[in-house]
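Build the full structure now, drawing on both the sequences and the hints.
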Amino acid sequence: MRMRPDLTVRKHRYHGEAYWVVKEPIGLNYFRFHEEEFAILQMLDGQSSLDSIKERFESDFAPQKITFQDLQQFIGMLHRSGLVISETAGQGRQLAKRRGEKKRREWLGRLTNVFALRWRGVDPERFLNWLYPYVRWMFHPVCVALCLAIGIGALLLVTVQFEVFRSRLPTFHEFFDPRAPDKWLYLALTMGVVKVLHELGHGLSCKHFGGECHEIGFMLLVLTPCLYCNVSDSWMLPNKWKRAMIGAAGMYVEIVLASIATFLWWFSDRSGLLNNLALNVMFICSVSTLIFNGNPLLRFDGYYILMDLAEIPNLRQKSTEVLKRFMVGVCLGLEQPDNPFLPQKNRFLFGAYTIAAVVYRWIIVFSIVAFLIKVFEPIGLKIIGQIVAATGFFGLIVQPLWQLARFFYLPGRMHKVKKHRVIASVAVVGAVLAAVVFLPLPHSVKCEFEVGPRDAAAVYVEVPGLVKEILVKEGHRVDQGQPLLVLSNPDLELSVLDLQGRRDVTESRLRVANREQFADDQSGLQIGQLRELLAATEQQLAEKQQELARLKLVAPTAGVIIPAAPRTSREEEAEGRLPTWSGSPLDRKNLGAAYQASELVCRVGDPTDLEALLVVDQADIDLVDAAMGVDSQGRPKVKLQLDAFPGRTLHSHVEQVARVELKAMSASLSSQAGGRVETKMDRSGVSRPLSTSYQARVPLDDQDALQGLISNGMRGRAQIYTRWQSLGARLYRYLSRTFHFEL
431 MRMRPDLTVR
441 KHRYHGEAYW
451 VVKEPIGLNY
461 FRFHEEEFAI
471 LQMLDGQSSL
481 DSIKERFESD
491 FAPQKITFQD
501 LQQFIGMLHR
511 SGLVISETAG
521 QGRQLAKRRG
531 EKKRREWLGR
541 LTNVFALRWR
551 GVDPERFLNW
561 LYPYVRWMFH
571 PVCVALCLAI
581 GIGALLLVTV
591 QFEVFRSRLP
601 TFHEFFDPRA
611 PDKWLYLALT
621 MGVVKVLHEL
631 GHGLSCKHFG
641 GECHEIGFML
651 LVLTPCLYCN
661 VSDSWMLPNK
671 WKRAMIGAAG
681 MYVEIVLASI
691 ATFLWWFSDR
701 SGLLNNLALN
711 VMFICSVSTL
721 IFNGNPLLRF
731 DGYYILMDLA
741 EIPNLRQKST
751 EVLKRFMVGV
761 CLGLEQPDNP
771 FLPQKNRFLF
781 GAYTIAAVVY
791 RWIIVFSIVA
801 FLIKVFEPIG
811 LKIIGQIVAA
821 TGFFGLIVQP
831 LWQLARFFYL
841 PGRMHKVKKH
851 RVIASVAVVG
861 AVLAAVVFLP
871 LPHSVKCEFE
881 VGPRDAAAVY
891 VEVPGLVKEI
901 LVKEGHRVDQ
911 GQPLLVLSNP
921 DLELSVLDLQ
931 GRRDVTESRL
941 RVANREQFAD
951 DQSGLQIGQL
961 RELLAATEQQ
971 LAEKQQELAR
981 LKLVAPTAGV
991 IIPAAPRTSR
1001 EEEAEGRLPT
1011 WSGSPLDRKN
1021 LGAAYQASEL
1031 VCRVGDPTDL
1041 EALLVVDQAD
1051 IDLVDAAMGV
1061 DSQGRPKVKL
1071 QLDAFPGRTL
1081 HSHVEQVARV
1091 ELKAMSASLS
1101 SQAGGRVETK
1111 MDRSGVSRPL
1121 STSYQARVPL
1131 DDQDALQGLI
1141 SNGMRGRAQI
1151 YTRWQSLGAR
1161 LYRYLSRTFH
1171 FEL
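Heads up, the sequence shown is in my numbering, so the first residue is 431 and it goes up one at a time.
Hints are not guaranteed to be accurate.
[As the list claims (entries may be wrong)] Simulated DEER-style distance windows between Cβ atoms:
1) G1022 to E968: 30 to 36 Å
2) G530 to L586: 54 to 60 Å
3) M1111 to S855: 56 to 62 Å
4) L772 to S479: 27 to 33 Å
5) L831 to I496: 51 to 57 Å
6) W560 to M1111: 35 to 41 Å
7) R777 to I496: 23 to 29 Å
8) D475 to A861: 55 to 61 Å
9) Y790 to R1018: 53 to 59 Å
10) L586 to E531: 30 to 36 Å
11) V856 to E741: 36 to 42 Å
12) L586 to P435: 22 to 28 Å
13) F868 to K527: 48 to 54 Å
14) A861 to R510: 40 to 46 Å
[What the hints assert, rightly or not] Derived DSS-like pairs: lysine-lysine, alpha-carbon spacing no greater than 30 Å straight-line:
15) K775 to K754
16) K848 to K903
17) K846 to K495
18) K1110 to K1019
19) K754 to K670
20) K804 to K1019
Everything labelled a hint here was simulated from the structure, so no lab data went into it. The C-beta atom is built at its ideal place from N, Cα and C for all residues, glycine as well.
See the structure below:
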């Protein structure tokens, strides 16, 4: 065995101790060795025997001793890592085997990390050498300070104008509209460009501080194509601050892009392409930096920055090993030899880091899965999100179980396990699982609500027509039977005139037949047919006249006029159809507009007798139904929080749950008007809930704290207390809704 002559080495200091960093230039792999380990590597010259190496080691590092077994294991590790060359026969087969194992590990890694798939690309060193002189100024301290000032300015703009900023943001389904391929194209292109600039930031900063970059490849980040840049050569730099700045260079680029995009989005026309692209850049850069790159719990930029500043290489592996050794000792009672390469201080923090990283990874996977399913579901491609979810959960569940099985499969391992420790550990785990599965905990459903008059009578259009007269206004008090709105229907009026003419003709023919029945036998035979025809015509005429009468809408009860939810567009006019109404149905501008059957015009009720009208999602309606019977009166309790009075809470109960889905959404609750219920505009201009929703009625009696302050149209958030559920039941419910399975 002899050390490869093409290896590059650098001497570093970590926590005051000397280490040697070795670079393997072919596979671009990097290793860190203690002084003793690096000395053994240098002793491998192809001539020295194990005896001589052992003797020289114990002489140079007295009083340390090394056994032949430890020496052989270390040399074997060096050989597997490709740092030494063996001149014995059969090395080709070993190298081929090692390559196959590496390929399998890479494919397994892709399977367990489906949200960030990587494929190696090309060596960008020549391109970066050409580009660096043109962008070197970006890494000058003055430029960095200026860019950070721009970022602070953008942050202050958002903070000071937060309410206006939030109101101008599109809703989730407006931003991720699956039926707008142009938006998805722009979003994908923006993400690709941003990530390319992000990775170039890493590569160029590595060049700036004296490192090299020999790998740039293709990457699928949450199903979006982009590039990645391997700057592992920064590990050869002895200055930890330079290594940290290389790790932060990508986020530096994204902060600059997000800051500029914030100002462009704020001051540009909201309907223009520039505004949309700027919003895409803001979203991608902020989400990428806050959730992924800047977070040290994921193995992205933040992790490597923390690793460099803490001077702890392989932080995740060492933290995991610290926690693993602790759990093995406590739960299995296995005695383990000391590992000098693991941290000896603050082990609790390392274990806590591993637990936090695992929990955060679960949260991220669940969030990405929910995001993909929510995006793909409206266009019938939810199965794609489910496939990605199943693959993502493979890395979270199957891989740890496989590693656990391999741990116990080691020969002789089970004989060393202390049975009483295992029994106690299983009992504790069983108790925790039982608590998760069976222990019920308080559960509630959150939804939006709007204040409206109780028992208000709805006035619907029964016969389609054009608005001829509007006789009342919003807030007018009316009596029962008082006309509200008059429609005209030319087709219906022509039908009535036609039927009246046919009736008159039939009556005339019947009179003639009656006079001539004694003189003409044929006339006598027609009398029966004419009478039947006359009766049918009169019945049709009566029905049409009733429809004509229903064109006049009247108040079904006495009360005050409360208008229906307004419309915000009149798209049919642009399509050459009859103009439909917009705004409030009772606005004067709607004279001549077309009203369709079953459209709500207004409600008539008492504006002082109010109730909360809750919008309950279809996914939660069964919980509300099952909760009918929670309290003594069989009605779920509700906690109400009005937006107008954020410091006060109202308490009531669900009085009734509708059995018919909600067809139209109130403007105050619609996301398109600043509300929190996701809606979409249909072709007629009506805001409809994106997901199937139902209305629940909650009385507002005995609210002395806000007596006289609650008014019609106020909105807020409600919390319906349903039956208690265990954590296991909630998890099963989530999974069943995600993957559509039933036991």
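Verification of the supplied hints:
1. A C-beta distance of roughly 33 Å is found between G1022 and E968, which places it inside the suggested range of 30 to 36 Å.
2. The given range of 54 to 60 Å is respected by G530 and L586, whose C-beta atoms sit roughly 56 Å from each other.
3. Taking the beta carbon of each, M1111 and S855 are about 57 Å apart, inside 56 to 62 Å as hinted.
4. At roughly 32 Å, the beta-carbon separation of L772 and S479 lies within the given 27 to 33 Å, and the hint holds.
5. At roughly 37 Å, the beta carbons of L831 and I496 sit outside the given window of 51 to 57 Å.
6. Look at W560 against M1111: about 50 Å separates their beta carbons, and that is not inside 35 to 41 Å.
7. Between R777 and I496 the Cβ separation comes to about 26 Å, which falls inside the hinted range of 23 to 29 Å.
8. Between D475 and A861 the C-beta distance comes to about 59 Å, which sits within the given range of 55 to 61 Å.
9. In this structure the supplied range 53 to 59 Å holds for Y790 paired with R1018, their Cβ-Cβ distance being about 58 Å.
10. Distance hint check: the CB atoms of L586 and E531 are about 53 Å apart, inconsistent with the given range 30 to 36 Å.
11. Checked against the hint of 36 to 42 Å, the pair V856 and E741 passes, with Cβ atoms roughly 39 Å apart.
12. Between L586 and P435 the beta carbons are some 57 Å apart, a value that contradicts the proposed interval 22 to 28 Å.
13. Take F868 and K527: their Cβ atoms lie about 50 Å apart, and the range 48 to 54 Å holds.
14. For A861 and R510, the Cβ-Cβ distance of about 43 Å falls inside the hinted range of 40 to 46 Å, so the restraint holds.
15. In summary, the hint linking K775 to K754 is supported, as the alpha carbons are separated by about 16 Å, within the 30 Å threshold.
16. Distance hint between K848 and K903 is unfulfilled; the C-alpha atoms sit about 83 Å from each other, more than 30 Å.
17. Only pairs whose Cα atoms come within 30 Å are accepted, and K846 paired with K495 is accepted, the gap being roughly 28 Å.
18. Distance check on the hinted pair: K1110 and K1019 sit about 24 Å apart at the alpha-carbon level, within 30 Å; holds.
19. Taken as a hint, the K754 and K670 pair is honoured in the structure, with Cα atoms around 28 Å apart against an allowance of 30 Å.
20. For a cut-off of 30 Å, the pair hint linking K804 to K1019 is broken: about 39 Å separates their Cα positions.
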